[in-house]
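Engineer: Build out the structure end to end from the sequences listed, making use of the hints.
Line by line, the protein sequences give chains U and V. If you count the first sequence from 1, position 39 lands on 39 in my numbering, and the numbers rise without skipping. If you count the second sequence from 1, position 86 lands on 86 in my numbering, and the numbers rise without skipping.
Careful: at least some of the hints might be erroneous.
Claimed, not checked - These stretches of chain U come out as covered by chain V in the derived footprint (C-beta under 8 Å, 3 or more residues): (1) 194-200; (2) 224-238; (3) 424-434; (4) 527-540.
Hints are computed from structural coordinates only; laboratory data are not their basis. Every residue, glycine too, gets a C-beta built ideally from N, C-alpha and C.
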Amino acid sequence: MSSSVPIVPPHRPPDPQPDSGGRSRSRTSFALMIEHYGDWYGQTIQRGVSDFTRENGAHLITVATSLRDEVCPLRDLVGQQNVDGVIVVSSVISNYEKDPQRLAAFFSRYEPLPCISIGVNIPNVHSLLIDNRAGMAEALRHLVNVHGFRKIAFVRGPEANAEAEQRFQVYKDVLTENGIAYNPDLVASGDWSPLSGAMAVHTLKDVRKCEMQAIVAADDAMAAGVIEALHARGLRVPSDIAVVGFDNDLGLGFSLTTVHQPVYMLGRKAAHMLLDIVRGVDVPQTVTLPTEMVIRRSCGCFVADVTNSVAQPAVGSTQAPGVLLAQRRETTLGALMNSARGLTSGVNSEWTERLFNAFVRDVTGEARGEFLPTLDAILVQEWMEHRAMTGWQNVISVLRRELLPCMTLQETVADAENLWHQARVLVGEAAARMHAHQQEQRAIQAMRLMNVNSTFFSKDLKSLADAFAQKLPSLGIDRCYAVTFEDPSTGSGSAPAKPEWSRLVLAYDEEEHIELSSEGLRFPAKQLIPDDFLPDYRPVSLMALHLNKGEKVLGIIFFEMGPQDAHLYETLRRQFSEPLFRLTQTPLTS
Amino acid sequence: MSDPAQTQSQRRNSMTLLLDDIMQPKAQHVIEGAADLTREKGSNLICAVASSVHDRCPLRDLINPANSDGVLIISSILSNFERSQERILQFFDRYRPMPLVNLGDPFEKVHSVTVNNRAGMRDVISHLIKVHHFHKIAFIRGPETNLEAEMRFKVYQEMLEQHGIAFDPELVADGNWGHSSGATAIYTLKDLRRRKFEAVVAANDAMAGGAFEALHARGIRVPMDVAIVGFDNFDGTGYALTTIDQPVYEMGRRGAAMLLDLIHNAGDVPMQVTLPTELIVRRSCGCFENEVTHAAAPAMPASKLPLLAVRREAISQAMLRASGGKLTDVAPEWPEKLFAAFQREVSDGKRGELLSEFDAILLQEWMERRHSDTWQNVVSELRREALPGLAKNAVHNAENVWHQARVLIDEAAQRVRAHQESQHSLRTTQLMDVSAVFASPDIATLAATFAEKLPRLGIERCYAVVFEGPTTGAVPEWSRLVLALDEEETTPLDGEGLRFPAKQLLPPHLLPEYRAVTLLALPLLKNGKHLGAIFFEKSNVEYYVYEMLARQFCEPLSRFVKSSESGT
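Structural biologist: Right under this line is the structure:
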């Protein structure tokens, strides 16, 4: 077993004291401990926390960590020396950790720092929870009351997971409440994944030969797997069987009726609670965020945007359209603002007036042909400012719903309908173009990421760090630090190794710390990053990942979060780990 | 001369397509066209990425009758680097007596499929002059050394002259095909020269996109203040550009068909085929997309048209046309089904019928992981055709249903896009999972670890060959097959790989008898040295995946090849 690390000459005397106490920081720093930072749930929570800390001027270090690993220096190094508070995404840990004591023990290591637990109620720790009951019950009652289903199957999440259990319990409760007998044959197990959803259909249909009208899955990913598996058996969703999920995960491709889990708000709220605690504001021991049902196609209904695109014709009025339209101006502007749902130009309401005026002038003949160019100009503006193109069909629906009742003349109706149809196509084309552009950009990004591979065979640590740092700006990463541990932890020991000293071998930031000596900068490991490296003049959000080879943890790499794509950081981490391992294992020959 | 390829079964034709850059959308469309045709006709196709005509390129020089029955050449691999017609013809002569078809630039004496770009450029400029009555038209050129760019510039001058507009050199700015050069051109025209103009013609779409952004940044609105047109119909700019579409897919198809005819000695193969371009009108010139204009139904007085039921056939046909003929293999009956559902909805008052039918078709499409962008056109067509035949009291309900259908379609499209986004990141991580490959101690391990990750990326077949002997200078004599992944489970290779004559390109009997394959052949190129070539069976992943895989294989490979060279 080689414990010699060439970059750390053993004769060098320790300069600073490793036991220097809590550091003085001009800016509040938080750590977010999260196990799966790459999936939809983890990424969305991360975004929520990081948006809040940035807006409120706090640094954030997102730590990819696990309770499972015996050796996890990152998990153990986070503490008073480097942060002012810790947020732990307990819900993910509880997927495999059933023992509440062990879960609680995870938090005690950070004492006396204030902590927030997300998703699981931990005694003596501030906990932020989701009201799994209300949304799930709403969805189940929808199936029973609106669709009249009685034979409803359920696909469970991991039994150790408290939230999964709650959702299952709600299923049983709603059945009882409606006088439907609970049938254990209609319950299949799952593990949150699409594949387990498909397996559940196999169990329910092929093995148990159950008949059912609806399947409720404890999350959307499993619901997607259920739909695929039903489809493969010639069963159509929703006409033969309805399917309902939980999460409102938009990346799955199906029009799922589901329960919206406010994941982004979980992140924001957790950061908010922590900041309040740090500032001495009273915070309740547990906070629960509400959930709500989102109706889409898979239960047999249609998504609200579709049903809302219906409008009523004008009845019984003899007034001229122009007069009626002017009367509806204020309500329409307000409705337009709401329809954008804050996703589009919500910040500035000027566009609603432009759009409304152009439409009225166009249909009343005051300025024919003005509506579409105005809409197009607004969309170009949106695109220039890189805003999402969602919500625009809704804007058209609102315009139509509000204004069609003013159209007292037959020909005005025909003109207006034509304009609305054209507007819908225009909006759709713009979104398609934006997507094509993004795909193009992603390919370019991937090629740039690929170029990082050329650093793989760097001759020494310094050239590795230099070459690696050079690639970062084109990937949109403004700041990166890599530290290696002296005497890397091995994982073979019984107690988790907690390194005492680290060396900063890569420092890339706007303060131009790039020039490091070939040995790196030695500093007490519990500082995580050497004091004074994080800027005072602005908050940063860093992603902290282990540099490792198999079980052997070599150090930590910190990226400032640029693009919201966890895969990017994971890939870069691996790209740095591998050559680092090679360079620190084999004696260097020039 | 004993030719080992003689023993190879010649039952299945194999042709080679030479191209210069697999990342170019144009080359990709040519590949798609050629691949579709060869697959339909049961021929193998090898799409080989070749270096410039002046550089050494074993992959290009190894194409010969021992491995190919004919050659398709995208002429930009020549014309981008060589302007002498004579030397270009000499290049073609290397491949004689193999049948050969040239794609792109027109060359007499060679079978060629070309696109009438000249007419295309005329169309787009004439649209600006005749429809929009613009007279002050600026032009952004491509590189002066490029024949095609020069032609486009020349047409601009001719068109001005034809319409009695004086040519003003101050209205012409340089560009290099790149997005940012379009922005620089606006800087030159507006900030430096302070010119006024009504429209900008860019020699390609990328520069038009750059010009669009630069104008916007100066508070100049497109198209209200200045119109912009491009050329190429390259869909990555994000702007609604009026442009010229080159039928590049068709060029690949036709070229492959001609080559197949030549291989079979079919009579009457024309020397020159010229394909027409198409003017694509979008917003940037001041018009709207056809799809948008078409979404309005023509005003029609109280109808004399026969009732809906009688027009079933005609409306179904119109919807099929509007869809661009898509989806017929997934759900062949969809137009009839949609029509019937619409009829139940408006005539029988059964609410939700059309929406449910649309939803079922979209779900079916998604299950096949397909996505067609023409569904809004289908609604437009249904509306245009059906509206005049509707009873007055049915119109309002029908309008509501059409609006709902449009929103439904848009929602589905958004879901597909969101899914694609999430898949993309995942794929990148899979691709980048380099540690295993890079740390391989030898070629055999490298090949094995590399091959393992391909099926996950949707690639079922892959071969890698390493050239023996000089990596600079002459064409190699021997190759070694070091990686073979396919459904025939080609015998595992030992550390040395399988040695075979390089001119065979791939060892005989490697490609299957029972089906046609399309391979993409990329050079394994490190610091200007050609180490070998890698062949991927074309699947439906994005093209950059192949490019990245080739580089990923090449990087660690170069260490082994170098060391074996220095060892001998």
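Engineer: Would you mind marking each hint as holding or not holding in the structure?
Structural biologist: Hints and how they fare:
no.: 1; hint: 194-200; verdict: violated (count 0)
no.: 2; hint: 224-238; verdict: holds (count 4)
no.: 3; hint: 424-434; verdict: holds (count 11)
no.: 4; hint: 527-540; verdict: violated (count 0)
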